[in-house]
Amino acid sequence: NAGVTQTPKFRILKIGQSMTLQCTQDMNHNYMYWYRQDPGMGLKLIYYSVGAGITDKGEVPNGYNVSRSTTEDFPLRLELAAPSQTSVYFCASSLDSYGYTFGSGTRLTVV
Amino acid sequence: ILNVEQSPQSLHVQEGDSTNFTCSFPSSNFYALHWYRWETAKSPEALFVMTLNGDEKKKGRISATLNTKEGYSYLYIKGSQPEDSATYLCACTGGGNKLTFGTGTQLKVEL
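Chains A and B, in that order, are what the protein sequence lines are. By the count of this note's numbering, the first sequence reaches residue 111 at its end, each step adding exactly one. By the count of this note's numbering, the second sequence reaches residue 1111 at its end, each step adding exactly one.
Treat each hint with caution, since some may be false.
[To be verified] With a Cα cut of at most 20 Å, we get these calculated SDA-like pairs of lysine to any residue:
no., chain 1, residue 1, chain 2, residue 2
1, B, Lys-1098, A, Thr-86
2, B, Lys-1059, B, Lys-1098
3, A, Lys-44, B, Lys-1059
[Stated by the list, open to error] Taking beta-carbon pairs under 8 Å as the criterion, some of the chain B residues facing chain A (in silico):
no., residue
4, Leu-1099
5, Gly-1104
6, Gln-1106
Treat the hints as calculated values from the structure; they're not laboratory data. From a predicted model like this one, the values you see are computed outputs, not experimental measurements. All residues carry an ideal CB built from backbone N, CA and C; glycine is no exception.
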């Protein structure tokens, strides 16, 4: 039972490049989330999904896109990377009102 | 977006000390409160999910209480051990399982 798997673990992007952060869960959770963690700022919600085919914006969605074509996968897309997107990104999933299960994080640096 | 505040920001205690920290949240529009434990270089791990006023939860030496009328929760650690060193995150939702996180309390337990 892998839980929530995020790839890659680390990535360096140049300004203007694009990339997709992958997130997969094998627990049949209906809810999935993307958060970013900046020093001293706590975890901020980027996007979330309540089920396949349904996504919605969180607190800091600008510069990101998501899709949820299956229950298992919730990729996060950065189209035009900017230095402000340097952060640690966490994917999480949950079953209704239970606690979240987090992935191990992706450390992204935009230079 | 809920405003979730945690105090203190950091705490140093000696092994064997008991300690507690606070999470404050708006008492209106409250649905659930979560506590997470986040060790360095790992991902957050769910400790408790509480919804009812007066709820008390316990896991080993760690316990939590909830007061939804006045908008606060306490996390207690009895007889702190070095392995308790971590950041403790509190998060709230007003419904829909979309959590707003506090910035955490960083606990360091010294020998």
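Each hint, compared with the structure:
Distance check on the hinted pair: Lys-1098/B and Thr-86/A sit about 23 Å apart at the alpha-carbon level, beyond 20 Å; violated. Restraint check for Lys-1059/B and Lys-1098/B: not satisfied, since their Cα atoms lie roughly 24 Å apart, outside the 20 Å limit. With a C-alpha separation of about 27 Å, the suggested pairing of Lys-44/A with Lys-1059/B is violated against the 20 Å cut-off. Taking 8 Å as the C-beta cut-off, the interface hint given for Leu-1099/B holds, the closest approach to chain A being about 7 Å.
Residue-level restraint check for Gly-1104/B holds (minimum Cβ-Cβ distance to chain A is 6 Å; threshold 8 Å). A distance limit of 8 Å between C-beta atoms decides the matter here; for Gln-1106/B the minimum to chain A is near 11 Å, and the interface restraint is violated.
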